[in-house]
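Engineer: For the record, the sequence lines run as chains A and B.
Under the numbering used here, the first residue of the first sequence is numbered 1, with each subsequent residue one higher.
Under the numbering used here, the first residue of the second sequence is numbered 1, with each subsequent residue one higher.
None of these hints come from the bench; they were simulated from the model.
Treat the hints with care, as some may be off.
Coverage of chain A stretches by chain B, computed from C-beta distances (three or more under 8 Å per stretch; other residues unrestricted) [stated by the list, open to error]:
hint, stretch
1, 7-15
2, 18-25
3, 32-44
4, 48-59
5, 62-76
Here the structure is a predicted model, which is why all the values come from computation and not from measurement.
Cβ coordinates follow ideal geometry from the N, Cα and C atoms, glycine included.
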Amino acid sequence: MISLPLEHIFILASILFMIGFVGVIARKNTLFILMSLEVMLNAVGIAFIGAGSVWQQADGQVMFILILTLAAAEVALGLALLIRLQRRFQSLDIDKLNRLRG
Amino acid sequence: MNSNSVIPLEMLFYLAGFIAIVASLKVVLGKHAVHSLLYLIVSLLAVAVCFYFMGAPFAAGLEVIVYAGAILVLFVFAIMMFGLGQDEEKHAPNTPGLTIWFGPCALALALLFELIYIINNVEQHNVTAINHISPKQVGSLLYGPYLLAVEIASFLLLAGLVAGYHFAKPDGQEHCNKIAETGDKQ
Numbered sequence: 001m002i003s004l005p006l007e008h009i010f011i012l013a014s015i016l017f018m019i020g021f022v023g024v025i026a027r028k029n030t031l032f033i034l035m036s037l038e039v040m041l042n043a044v045g046i047a048f049i050g051a052g053s054v055w056q057q058a059d060g061q062v063m064f065i066l067i068l069t070l071a072a073a074e075v076a077l078g079l080a081l082l083i084r085l086q087r088r089f090q091s092l093d094i095d096k097l098n099r100l101r102g
Numbered sequence: 001m002n003s004n005s006v007i008p009l010e011m012l013f014y015l016a017g018f019i020a021i022v023a024s025l026k027v028v029l030g031k032h033a034v035h036s037l038l039y040l041i042v043s044l045l046a047v048a049v050c051f052y053f054m055g056a057p058f059a060a061g062l063e064v065i066v067y068a069g070a071i072l073v074l075f076v077f078a079i080m081m082f083g084l085g086q087d088e089e090k091h092a093p094n095t096p097g098l099t100i101w102f103g104p105c106a107l108a109l110a111l112l113f114e115l116i117y118i119i120n121n122v123e124q125h126n127v128t129a130i131n132h133i134s135p136k137q138v139g140s141l142l143y144g145p146y147l148l149a150v151e152i153a154s155f156l157l158l159a160g161l162v163a164g165y166h167f168a169k170p171d172g173q174e175h176c177n178k179i180a181e182t183g184d185k186q
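Using the sequences provided together with the hints, build the complete structure.
Structural biologist: Written out as structure tokens, the structure reads:
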């Protein structure tokens, strides 16, 4: 019988979440920010599924499916905005968005 | 799991988690968008293996199909649409060829090793002893107590679809450029 302690699963999830968070904070390229967001959402999915498997409830996987839906919608929207950004500024630098002009 | 030659399943889980962490680090620290995307795919596959060892094979399949199969294809599509920008070519590595995809290949081969190992050692490990949560339970829960959440998720997907179409369509782009130019002149 495999028995994974919940602490280790949460440690893995928090490490992945921190990696993604640092990526969101530190990177300037919007594409990398979106990829880091994917890493963060995955970490949350690990936490949910780990908790669901430790307590033998299917709710964790239900929440993971909802996170999956959220990630799909977020990526579609984010990439559409990215395309618009590239057309408008010919660059993916997120610092060019801080002008808030027209 | 009595004999010493058998690797315990916990170690395989930790190996997959380690691969996920390394690949995610390479995603965040990478300079080239396509290379980071390769590492992101490896990271998602490693997370899927973690899901399998946590007793969620349905979620593992969804992770591979939806994340690595659909969402990452969207990323590839967007990158191919942009072409390689100036910042990409500036940071392009000097060593072309094998060295670029050696890293993702090594990590993915480690995952493949885990898969083959599990398939070969089904009897010793009694893989069914993992506390599986069947897709049937998940489905009955999704369309039972969580029905409202499913409906809201469908609204979210519809909103994403409409907004993606609206933002990415080329109509009015010249108009936007004109406004930007006049704004710059002012």
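Engineer: Check whether three or more residues of the stretch 32-44 of chain A sit with their beta carbon closer than 8 Å to a beta carbon of chain B.
Structural biologist: This one holds; 7 residues, not fewer than the three required, reach chain B with a Cβ under 8 Å.
Engineer: Would you say the stretch 7-15 of chain A counts as covered by chain B, given the rule of at least 3 residues with C-beta under 8 Å?
Structural biologist: holds (count 4)
Engineer: Tell me whether the statement that chain B covers the stretch 48-59 of chain A is true, taking a Cβ distance below 8 Å and needing three residues at minimum.
Structural biologist: n = 8 at 8 Å, threshold three: holds.
Engineer: Between the stretch 62-76 of chain A and chain B, see if three or more residues pass the 8 Å beta-carbon test, and mark the coverage as holds or violated.
Structural biologist: holds (count 13)
Engineer: Taking 8 Å as the C-beta cutoff, is the stated coverage of the stretch 18-25 of chain A by chain B satisfied by three or more residues?
Structural biologist: It holds: at least three residues are needed, and the stretch 18-25 of chain A offers 4 whose Cβ sits within less than 8 Å of chain B.
In this structure, every one of the numbered hints holds.
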